Amino acid sequence: MPLDGLFTHALVHELQPTLVGGRITKVHQPYPNEIILVIRQGGKNYPLLLSAHPAFARMQITKIPYENPQTAPAFAMFLRRNLEGARLTGIEQVNNDRIVNLLVQTFDELGDRQTLSLTLEMMGRHSNLFLIRQKDQRILELIKHVPADQNRVRSLFPGATYQFPPAQNKINPFKQDFAQLAPMILDQEPSQWPKIIMSTYEGVSRQSAESLALAIENADDSLAGAQNWLAQFDHLQPTLLRAPNGELSFAAFDWPSPITDRQTFDSLGELLDAYYLGKAERERVNQQAGSLVRLVKNELKKNHNKLKKLNQTLLDSQNADQYKVMGDLLITYPHLVQKGMQSVQIENYYDNNALLTIPLDPRLDGLKNAEKYFRKYRKLRTAKDFVDQQIILTQAEVDYFDQITAQLAVASPKDVADIKLELIHGGYLRTKGKNKQKPKVSQPDQFTASDGTLIEVGKNNLQNERLSLKKANRSYIWLHVQNIPGSHVIIHSNAPSEQTLQEAAELAAYYSKARDSANVAVDYLPAGKLRKPNGAKPGYVIFEGQQTLYVTPTSQVINQLKTK
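Start counting the sequence shown at 1; every next residue gets the next number (the UniProt record's numbering).
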């Protein structure tokens with residue numbers, strides 16, 4: 001089910017006994033549309049994620065660690081001034097909508113007690129998070145400022161009076177029972193039931209309506225079936241459903257559905273962590289790496305065009321030897337050329353005296369024409385030497401940015417920071433101002449083989465270099481896909497089992513440009529045999545004496561290695 005009003009009801013039902021009465025001890029804003037409140041309650045700290053993301057808006061206790069920016073955004077600073085130390089006195093859903101008020105008691109500038117509401121609207125691209133003064137409904141601040149010309153229904157800026165989104169005038173199913181629903185739908189075709197349910201009741205998505213219709217259809221007593229279905233939102237059994245095509249969905253309880261592949265969780269927070277982890281992280285990476293992706297694409301385009309021109313110049317330079325032959329013949333037989341001639345035929349002693357037609361500059365005599373051909377020869381020979389070197393350098397740039405492209409495709413937010421730093425150091429990206437704080441050194445991802453052996457995977461060039469050339473024991477086994485951009489992989493063993501070697505090779509193939517390929521060639525050898533050429537870019541190594549095995553990577557194996 002999507003995060004509709006029914007699921008919001010379940011979230012509020014789960015969070016109220018856990019968080020109400022606690023104190024807000026910290027406020028973080030790891031990403032532009034998301035706030036994390038650390039709430040201290042019952043001797044424990046609960047990180048409450050409030051997301052106004054246009055695609056992944058939600059409210060949950062999360063166990064996923066987040067990297068905070070080195071400088072806190074203005075909205076986070078404002079919330080810290082107003083909320084840190086405040087007591088959470090209530091969590092309320094507005095009717096059965098995707099709107100939740102977190103009520104907090106704090107003190108104003110004069111020391112008087114006041115109630116504020118941190119209001120989260122989970123409305124797709126219109127999602128927003130407000131801090132509102134309860135006594136007059138004044139918006140003190142909000143995470144997304146919306147100009148008046150973009151929303152003529154409500155004023156969405158600090159100082160305005162908060163108004164709820166326009167009401168849909170539907171029935172709240174938790175306030176009125178389903179008694180009037182039965183006669184409305186039982187006379188209709190079952191295929192029409194979900195549509196009737198959605199148009200009648202507030203906060204019911206299509207998936208929820210389809211599940212309710214299925215429950216009614218399968219029940220002996222239609223009214224009892226509907227009421228029992230609704231009651232499950234207060235008796236939670238968080239469930240993750242996996243369709244045959246691998247698509248994931250979630251539900252607040254183990255609800256009626258044709259999908260049989262299911263996994264249950266202890267809380268809705270754990271369920272949402274499992275569902276959103278890859279999706280939300282990929283979206284964050286796309287947000288953070290957007291400018292880097294554009295930079296890399298531009299660099300690749302520029303270098304591909306340069307390579308094309310260089311290869312054409314190289315092709316032209318192959319005529320250099322022919323110009324030398326013409327010059328030699330003209331200087332040997334200058335008497336055969338008179339000014340005004342367009343061409344001359346001379347026996348070519350380099351080619352069994354076959355006649356060679358030589359184009360001439362009619363303004364010049366034989367010796368001057370010979371000199372002109374020698375100049376062309378020297379120019380092209382010099383150009384060829386230069387072009388050969390430029391082709392090597394330009395191809396290296398193409399290979400480098402292909403590697404960056406592959407890394408961005410599988411990057412986590414921390415990897416993006418490393419890649420950005422690398423591009424800055426390489427002179428490809430300019431920095432705005434001076435960053436006083438030294439960036440944190442990110443660590444490679446860690447996996448555990450079936451036999452318990454540690455396997456590390458570098459996700460960017462800086463990690464690859466530290467992992468392979470500085471950190472790894474020289475006897476540990478190093479792996480990399482053959483002739484394709486990808487991650488460096490280190491097995492923490494000098495004699496890994498065949499299964500561990502196979503699993504590490506799958507990791508190397510999965511975290512490479514060959515992720516979706518079959519029978520991927522993966523080279524491996526002891527890390528001590530790696531060498532970095534002088535002047536090479538970060539993560540670039542050369543080696544010999546490697547062995548090769550072939551694997552087909554699967555996400556199932558990768559996930560198993562992650563969770564061990």
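Quick caveat, the hints were computed from the structure, so don't treat them as lab data.
Every value quoted in this text rests on a predicted model; they were computed, and no experiment measured them.
Think of the CB as a built atom: it goes at the ideal place given N, C-alpha and C, for glycine as much as any other residue.
A portion of the hints provided could be inaccurate.
As the list claims (entries may be wrong) - Taking lysine to any residue and the SDA-like style, the derived pairs with C-alpha atoms no more than 25 Å apart in a straight line are: (1) K306 / G535; (2) K529 / Q547; (3) K376 / A320; (4) K306 / I424.
Claimed, not checked - Per label pair, the in silico range of CB-to-CB distance: (5) E109 / K470: 24 to 32 Å; (6) G85 / Y540: 29 to 37 Å; (7) A396 / A354: 49 to 57 Å; (8) N298 / Y350: 28 to 36 Å.
Now the hints, each set against the structure:
For the suggested pair K306 and G535, the alpha carbons sit about 22 Å apart, so the restraint of at most 25 Å is met. With a C-alpha separation of about 12 Å, the suggested pairing of K529 with Q547 holds against the 25 Å cut-off. Between the alpha carbons of K376 and A320 the distance comes to roughly 7 Å, so the proposed pair stays at or under 25 Å and holds. For the proposed pair K306 and I424, the alpha carbon gap of about 22 Å is at most 25 Å, so the pair holds.
About 53 Å separates the C-beta atoms of E109 and K470, a value inconsistent with the hinted range of 24 to 32 Å. The beta-carbon spacing between G85 and Y540, approximately 51 Å, falls outside the hinted interval of 29 to 37 Å. Judged by the Cβ atoms, the range 49 to 57 Å given for A396 and A354 is violated: they are separated by roughly 43 Å. Checked against the hint of 28 to 36 Å, the pair N298 and Y350 fails, with Cβ atoms roughly 47 Å apart.
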